[in-house]
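The listed protein sequences derive, respectively, from chains A and B.
Each number in this note's numbering comes from the position in the first sequence (counting from 1) with 6 added on.
Each number in this note's numbering comes from the position in the second sequence (counting from 1) with 19 added on.
None of these hints come from the bench; they were simulated from the model.
Computed from a predicted model, the values in this text were never measured in an experiment.
Incorrect hints may appear among the rest.
What the hints assert, rightly or not - Below, computed lysine-lysine pairings styled on PhoX-like, alpha-carbon distance capped at 20 angstroms:
hint : chain 1 : residue 1 : chain 2 : residue 2
1    : B       : 115       : B       : 87
2    : A       : 72        : A       : 47
3    : B       : 72        : A       : 70
4    : A       : 72        : A       : 26
5    : A       : 61        : B       : 125
6    : A       : 61        : A       : 47
7    : B       : 115       : B       : 125
8    : A       : 70        : A       : 26
9    : B       : 73        : A       : 47
Stated by the list, open to error - Covered by chain A, according to a simulated footprint, are these stretches of chain B (three or more residues, beta-carbon under 8 angstroms):
hint : segment
10   : 75-85
11   : 102-110
12   : 116-128
We treat Cβ as the ideally placed atom computed from N, Cα and C, and that holds for glycine.
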Amino acid sequence: GAVVSQHPSWVICKSGTSVKIECRSLDFQATTMFWYRQFPKQSLMLMATSNEGSKATYEQGVEKDKFLINHASLTLSTLTVTSAHPEDSSFYICSARDGTQYFGPGTRLTVL
Amino acid sequence: KNEVEQSPQNLTAQEGEFITINCSYSVGISALHWLQQHPGGGIVSLFMLSSGKKKHGRLIATINIQEKHSSLHITASHPRDSAVYICAVLQVGTYKYIFGTGTRLKVLA
Chain A
7 GAVVSQHPSW VICKSGTSVK IECRSLDFQA TTMFWYRQFP KQSLMLMATS NEGSKATYEQ
67 GVEKDKFLIN HASLTLSTLT VTSAHPEDSS FYICSARDGT QYFGPGTRLT VL
Chain B
20 KNEVEQSPQN LTAQEGEFIT INCSYSVGIS ALHWLQQHPG GGIVSLFMLS SGKKKHGRLI
80 ATINIQEKHS SLHITASHPR DSAVYICAVL QVGTYKYIFG TGTRLKVLA
C-alpha cells in the first residue's frame, strides 16, 4: 500500500534554532499534504494544508512565519519550525493525499 | 460535544480477549480512518472505510453510515496490541480530517 515517510523520526534541538521536518510520499504523487500537531494525550490538530507549487493554507491560530511549509514537489513537503521554543515541543504528523489520504509515522520534536 | 467521540477512553484487557472500540460522529463523512499510535508516538494507518466491513489479520473494522458509527474489533488480543487507537473522519466536501481523542488500550499478558 501507499507509504508516507517522515524524517527525522525524532529530533532534539536548542531553543532559538530552526528545525526542518521532511514528509515524503514514497510510491505516489501527492497533490495535497497536511501537517498536524499533537500534544500529549490530545487529538491531532491540523496546522496547515499545502498544495504542490502554491502557498500553504494555515489553520486559525497557527503562525505561518513560525511554521514554514514548502511543498516543492509532488512527493515532498517540509515543515520548518523557526526559532524553536520549548512550547513548540510536540509530535508533528504529516499526511499525503492522492485521492486517498495516508498518514506518516510522525516526528517527535523536543526543544530544550 | 466533540464531533467525533470514541469509547471507551481507556481499556485494559487480558491477553486473548476480544476487544471492541467504538467511534461515533455527528458530521457527514466521505471516509473514516482507524489509526494506531504506539507509545513512542509512531502512527500506523489500520483501515480506511467508507462503507461495510474490512478485515486484516486479527483486526476488523465496520462502519454504519446511517447510524454514524464505526467499530474496531481486535480478536485474540495480544500485549503488542497495546496502543492508542484513533478514529478520524473525513468531513464530506472537505479534505480535513476530524480526530477522536483516542482509546488507550492496554493488553496484559
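Hint check results:
1. B:115 <-> B:87: Judged against 20 angstroms, a Cα distance of about 17 angstroms means the pair holds.
2. A:72 <-> A:47: Distance ~24 angstroms between residue 72 of chain A and residue 47 of chain A Cα, so the pair is violated.
3. B:72 <-> A:70: Violated, at roughly 40 angstroms.
4. A:72 <-> A:26: holds (12 angstroms)
5. A:61 <-> B:125: Answer violated: residue 61 of chain A to residue 125 of chain B is near 42 angstroms, above 20 angstroms.
6. A:61 <-> A:47: violated (31 angstroms)
7. B:115 <-> B:125: violated (30 angstroms)
8. A:70 <-> A:26: Holds, at roughly 14 angstroms.
9. B:73 <-> A:47: violated (28 angstroms)
10. 75-85: Since 0 is below three, the answer is violated.
11. 102-110: Three-residue rule met by the segment 102-110 of chain B, so holds; n is 3.
12. 116-128: holds (count 5)
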